[in-house]
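**Q** Here is how the chains run, residue by residue.
4 protein chains.
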Amino acid sequence: MARPEPFVVLLLHCPLRLGLAADLTHFVYNQGGRILSHEQYVDPQIRHYYTRLAWDITEVKMTDGETAKRLKELIGEDEDTEWALHHSDTVPRMAIFVSKEPWCLYDLLARTGSGEWKVEVPVIVGNHPDLESVASRFGVEFRGFSVMKENSEDVEAEQLSLLDGKRIDFIVLARYMQILSPRFVAAYPNRIINIHHAFLPAFPGARPYHSARERGVKMIGATSHYVTEILDAGPIIEQDALRVSHRQSVEDLIRFGRDLEKVVLSRAVGSHIAHKIIVHRGRTIVFD
Amino acid sequence: MARPEPFVVLLLHCPLRLGLAADLTHFVYNQGGRILSHEQYVDPQIRHYYTRLAWDITEVKMTDGETAKRLKELIGEDEDTEWALHHSDTVPRMAIFVSKEPWCLYDLLARTGSGEWKVEVPVIVGNHPDLESVASRFGVEFRGFSVMKENSEDVEAEQLSLLDGKRIDFIVLARYMQILSPRFVAAYPNRIINIHHAFLPAFPGARPYHSARERGVKMIGATSHYVTEILDAGPIIEQDALRVSHRQSVEDLIRFGRDLEKVVLSRAVGSHIAHKIIVHRGRTIVFD
Amino acid sequence: MARPEPFVVLLLHCPLRLGLAADLTHFVYNQGGRILSHEQYVDPQIRHYYTRLAWDITEVKMTDGETAKRLKELIGEDEDTEWALHHSDTVPRMAIFVSKEPWCLYDLLARTGSGEWKVEVPVIVGNHPDLESVASRFGVEFRGFSVMKENSEDVEAEQLSLLDGKRIDFIVLARYMQILSPRFVAAYPNRIINIHHAFLPAFPGARPYHSARERGVKMIGATSHYVTEILDAGPIIEQDALRVSHRQSVEDLIRFGRDLEKVVLSRAVGSHIAHKIIVHRGRTIVFD
Amino acid sequence: MARPEPFVVLLLHCPLRLGLAADLTHFVYNQGGRILSHEQYVDPQIRHYYTRLAWDITEVKMTDGETAKRLKELIGEDEDTEWALHHSDTVPRMAIFVSKEPWCLYDLLARTGSGEWKVEVPVIVGNHPDLESVASRFGVEFRGFSVMKENSEDVEAEQLSLLDGKRIDFIVLARYMQILSPRFVAAYPNRIINIHHAFLPAFPGARPYHSARERGVKMIGATSHYVTEILDAGPIIEQDALRVSHRQSVEDLIRFGRDLEKVVLSRAVGSHIAHKIIVHRGRTIVFD
Chain A
219 MARPEPFVVL LLHCPLRLGL AADLTHFVYN QGGRILSHEQ YVDPQIRHYY TRLAWDITEV
279 KMTDGETAKR LKELIGEDED TEWALHHSDT VPRMAIFVSK EPWCLYDLLA RTGSGEWKVE
339 VPVIVGNHPD LESVASRFGV EFRGFSVMKE NSEDVEAEQL SLLDGKRIDF IVLARYMQIL
399 SPRFVAAYPN RIINIHHAFL PAFPGARPYH SARERGVKMI GATSHYVTEI LDAGPIIEQD
459 ALRVSHRQSV EDLIRFGRDL EKVVLSRAVG SHIAHKIIVH RGRTIVFD
Chain B
219 MARPEPFVVL LLHCPLRLGL AADLTHFVYN QGGRILSHEQ YVDPQIRHYY TRLAWDITEV
279 KMTDGETAKR LKELIGEDED TEWALHHSDT VPRMAIFVSK EPWCLYDLLA RTGSGEWKVE
339 VPVIVGNHPD LESVASRFGV EFRGFSVMKE NSEDVEAEQL SLLDGKRIDF IVLARYMQIL
399 SPRFVAAYPN RIINIHHAFL PAFPGARPYH SARERGVKMI GATSHYVTEI LDAGPIIEQD
459 ALRVSHRQSV EDLIRFGRDL EKVVLSRAVG SHIAHKIIVH RGRTIVFD
Chain C
219 MARPEPFVVL LLHCPLRLGL AADLTHFVYN QGGRILSHEQ YVDPQIRHYY TRLAWDITEV
279 KMTDGETAKR LKELIGEDED TEWALHHSDT VPRMAIFVSK EPWCLYDLLA RTGSGEWKVE
339 VPVIVGNHPD LESVASRFGV EFRGFSVMKE NSEDVEAEQL SLLDGKRIDF IVLARYMQIL
399 SPRFVAAYPN RIINIHHAFL PAFPGARPYH SARERGVKMI GATSHYVTEI LDAGPIIEQD
459 ALRVSHRQSV EDLIRFGRDL EKVVLSRAVG SHIAHKIIVH RGRTIVFD
Chain D
219 MARPEPFVVL LLHCPLRLGL AADLTHFVYN QGGRILSHEQ YVDPQIRHYY TRLAWDITEV
279 KMTDGETAKR LKELIGEDED TEWALHHSDT VPRMAIFVSK EPWCLYDLLA RTGSGEWKVE
339 VPVIVGNHPD LESVASRFGV EFRGFSVMKE NSEDVEAEQL SLLDGKRIDF IVLARYMQIL
399 SPRFVAAYPN RIINIHHAFL PAFPGARPYH SARERGVKMI GATSHYVTEI LDAGPIIEQD
459 ALRVSHRQSV EDLIRFGRDL EKVVLSRAVG SHIAHKIIVH RGRTIVFD
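Chains A, B, C and D, in that order, give the protein sequences. For reference, each letter of the first sequence is one residue, going 219 to 506 in the numbering used here. For reference, each letter of the second sequence is one residue, going 219 to 506 in the numbering used here. For reference, each letter of the third sequence is one residue, going 219 to 506 in the numbering used here. For reference, each letter of the fourth sequence is one residue, going 219 to 506 in the numbering used here.
Honestly, the hints are just simulated from the structure, not real lab data. Please read these numbers as outputs of a predicted model, since none were measured by experiment. Take the hints with a grain of salt, since some may be wrong.
[Unchecked claim] Which chain D residues face chain B? A few, computed with CB under 7 angstroms, are given here:
| no. | residue |
| --- | --- |
| 1 | Leu236 |
| 2 | Ala240 |
| 3 | Tyr247 |
[To be verified] FRET-style restraints, in silico, Cβ to Cβ:
| no. | chain 1 | residue 1 | chain 2 | residue 2 | range |
| --- | --- | --- | --- | --- | --- |
| 4 | D | Glu368 | A | Ala286 | 54 to 64 angstroms |
| 5 | D | Lys336 | A | Glu432 | 42 to 52 angstroms |
| 6 | B | Thr308 | C | Gly362 | 30 to 40 angstroms |
| 7 | B | Ser351 | C | Lys336 | 12 to 22 angstroms |
| 8 | B | Ser306 | D | Arg288 | 36 to 46 angstroms |
| 9 | D | Glu432 | A | Asp372 | 51 to 61 angstroms |
| 10 | B | Ser255 | C | Leu303 | 37 to 47 angstroms |
| 11 | B | His305 | C | Gly500 | 48 to 58 angstroms |
Backbone N, C-alpha and C define an ideal beta-carbon position, used for all residues, glycine too.
When you get a sec, could you build the whole thing from the sequences and use the hints?
**A** Pasting the structure below:
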């Protein structure tokens, strides 16, 4: 297969400023870049601008460093301005954390294994040994940690060191049934993606399907979100829901929920890998 | 149009008992009844039986009173057994309570006005005069009440007396922005249907669309439920949800939400009118 | 209620041209206009640009004629370029065509009657007298036409003359069970909106719910589209679908379908009224 | 893990007969069986009865042969009656046919590999070698066949012999891009499950996502069905659909469609494995 053309993605949000969009597209054009996509959103209430601009750099002579320098001038500095430039040659490195439930892990590995996503998976971390065989099926290193109340600080320190050694960019909690400490979360701000098996903010915490059955809801849901210090309260990336009825037992809800969970988690991970998500003021902007 | 054939509906729940279903169908058959539909559900966890049995009584010689007497013998008595027999000639009488938002009221009146539902609407109660013109458009009596903290007890007493005088069977709160007292609720147990503009148990209480936008959810929902003493905690009858994104403002959510609200409320009301809902242990069984 | 601020909406599509978006926003800014929303889409395959730009003209001194003239210079001319400028003071005039089914008509009239849409309904046209009473309920003129094979040309001529006299801008076929001639369609290009009670291109033509039941599909749908010469083949504006099962009879499908039909039709009509739809090469671009 | 209790499933359809349901449940009870679930459906139009009855046979002394003999007496014979008894100890044997697209194969193997389904996969058949590595990842035998117009009859004969040798019960076409001959289909009546990447009957045949984009639909779908002689016309088991817009390219539709395809296929396969599907008159009854 021919090597795909190299491209860069600019992900930016800043206070709305007339002409900035034109300045950005002219800059790309003047460099010799070919715009692949340009998505924009303005929040009219707070007059804030969000954009994702991708361009082919085959014909671009400028180095990435020069490009970044020029963008810095164009965009300017401001406490409510953030941007990043991502090069298609830089493949993100994802760690997957698991406990005993296999479905989300299988779905993630199938997508990486089949080339659907351009991502590396250097390590799978488990707090139970159950899924080591799944990891080995896909040839991915598995690292087991036995976590208890007494040793949880030490374990997290070890895990952080492991992730650091593997140069991990972001972490996916694929039904990882362990709460991360604020210190751990702070090491990967907006870079830990969790799947919660309920339609947040309904049914946070443990055993949401049991609570859903107990409450008699007529739909169940799943929510993927970035992890923050507060449990199940981070910025929501993706949600979906499914009709159920009185006929479904808790076991049925768990079974039906699996497909929701894996699809909702994988959509979020796919958007993260493709640099389509901006987090601002506790909410996400997810470009199509 | 020819008068439709008369039929009765038995709505029953009781502890599971072998042979009861056969006894019921044989009873109908022996009377000369023609079974129109027979829906059954067994909750295997609590071994409880729920059924809705409808039969054409054109050829039945037995009076309703005799039928009820025989059913009583067949079904037996038990503290966890409840049943009711509904005759197609008895048209339920529905009161609608409204405030200022018209969309649910219009939808309910369009369905009654077009004959989609077999129901009478003797009165619309409003705590604001805004929707009187809608009521008069459909030729339905409108009764306005000015409710304030000081007079709420008196107003409820007047309303109960009004409903009693109109022989109201059940009440629909069509975006009625007033909390009913436990005394009022107790007068119509499992016979007051409310629409809440959120996916309960997420976002109970006031201004759920604002909360949804604030939280950054990716779907909005609506919930219809029977009203109990505890706000927004009654048995859920129907729910639905709709995908939204960062692009939608609170105003957009309110606009999109209208269609959800009216459809979710009307589905619940339609099921109630057709005697398809059983309430048991805080949950509903809603037959198709 | 205070008069809302006046605004204009530009709806434009043209071959992609660098800097056009900036030229448009600068033009608005230089006039003193305040941009309310700016939606853009580029089809990367055909390099075509689609945009909807709305701005508040409270502080704008330029007349609409001058604005149009300046836009003409900015945008230029091209056989694949089309644009229109809509002023918020110009209220569109909608005719509704009906047969016997009331639900879509009720839904349209409820939205116009409650002020949800800014639209005039000068006339309802029926090929059966059944819905005259609904029209009169909402105080709208009803004009009945008895259409037969022999007189259909004459009837259409009369209808066109009626619509012309009422200065109708667009027509909604709210379950109008009569096929319009090419001549009629040509008089209102991309200005006749139909609802088809199936998920097109599945089940075009008559009795789609019967066909759906016959085929054993597990979902039913509804499609709103602009009418073209070819039956049920015009540009699709909106679609939605609903899960069903073997348990639903044809009558159930018809009943469940009603809510789909009215919501799908009304979403399309709402987008048309708000000038959010561009038709290009047989497809629609519908801005949020 | 303790061995789960053995149970049997009766799947039956026959002309409606008063008392049959009671006879069946009494028969189970008299044997000492414990009913686990009992789902019933009557099609009122054709007065036909469909049921799935599952019971725990831990305490049952009767052999399966005796049970079958007694059921035969109870149910009787009729040209429109069909039934089968499935024992939980008999694990169905599934062959998977693939071409080049991996997502459905991965999803099927993840479910079998994780024990979500009780099924054996003795062989994967490919008409391209591309997915051999996926098969070997899960330790499943892969058999490649190079199919051309000239040799297709011979290849099918070889495949049938292979399937026969492996004692295959049913076949899943997991994006197998080859049309099976009537002879092949006849060897596995209602036992070949296909996934079509469109909302049938819309867009049968090749390249449905291209057709969907071309037609400008606002939702895409997927359909799983039993294969019959006529292409894409067999009894539908499961369907689902997803909203799309003008913003999605064909490539986006293909990408979004993957998740639909695998979920819709796997739901069908799961229902087949659990003996929840009855095919009658070209349609399916799928119990929950």
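**Q** Decide, hint by hint, whether the structure agrees.
**A** Going through the hints against the structure:
1. About 6 angstroms separates the beta-carbon of Leu236/D from the nearest beta-carbon of chain B, less than 7 angstroms, and the hint is met.
2. Taken as an interface hint, Ala240/D checks out: its beta carbon lies about 3 angstroms from the nearest beta carbon of chain B, inside 7 angstroms.
3. Of the supplied interface hints, the one on Tyr247/D holds, with its beta-carbon coming within about 6 angstroms of a beta-carbon of chain B, less than 7 angstroms.
4. Distance hint check for Glu368/D and Ala286/A: the Cβ-Cβ separation is about 59 angstroms, which falls inside the suggested range of 54 to 64 angstroms.
5. Under the hint 42 to 52 angstroms, the C-beta atoms of Lys336/D and Glu432/A, about 29 angstroms apart, miss the expected range.
6. At roughly 37 angstroms, the beta carbons of Thr308/B and Gly362/C sit within the given window of 30 to 40 angstroms.
7. The hinted window of 12 to 22 angstroms between Ser351/B and Lys336/C holds, with their beta carbons roughly 19 angstroms apart.
8. Distance hint check for Ser306/B and Arg288/D: the Cβ-Cβ separation is about 41 angstroms, which falls inside the suggested range of 36 to 46 angstroms.
9. Our hint of 51 to 61 angstroms for Glu432/D and Asp372/A holds, since their Cβ atoms are close to 59 angstroms apart.
10. Separated by about 57 angstroms at the C-beta atoms, Ser255/B and Leu303/C break the suggested range of 37 to 47 angstroms.
11. In this structure the supplied range 48 to 58 angstroms holds for His305/B paired with Gly500/C, their Cβ-Cβ distance being about 55 angstroms.
When held up to the earlier numbered hints, the structure conflicts with 5 and 10 and fits the remainder.
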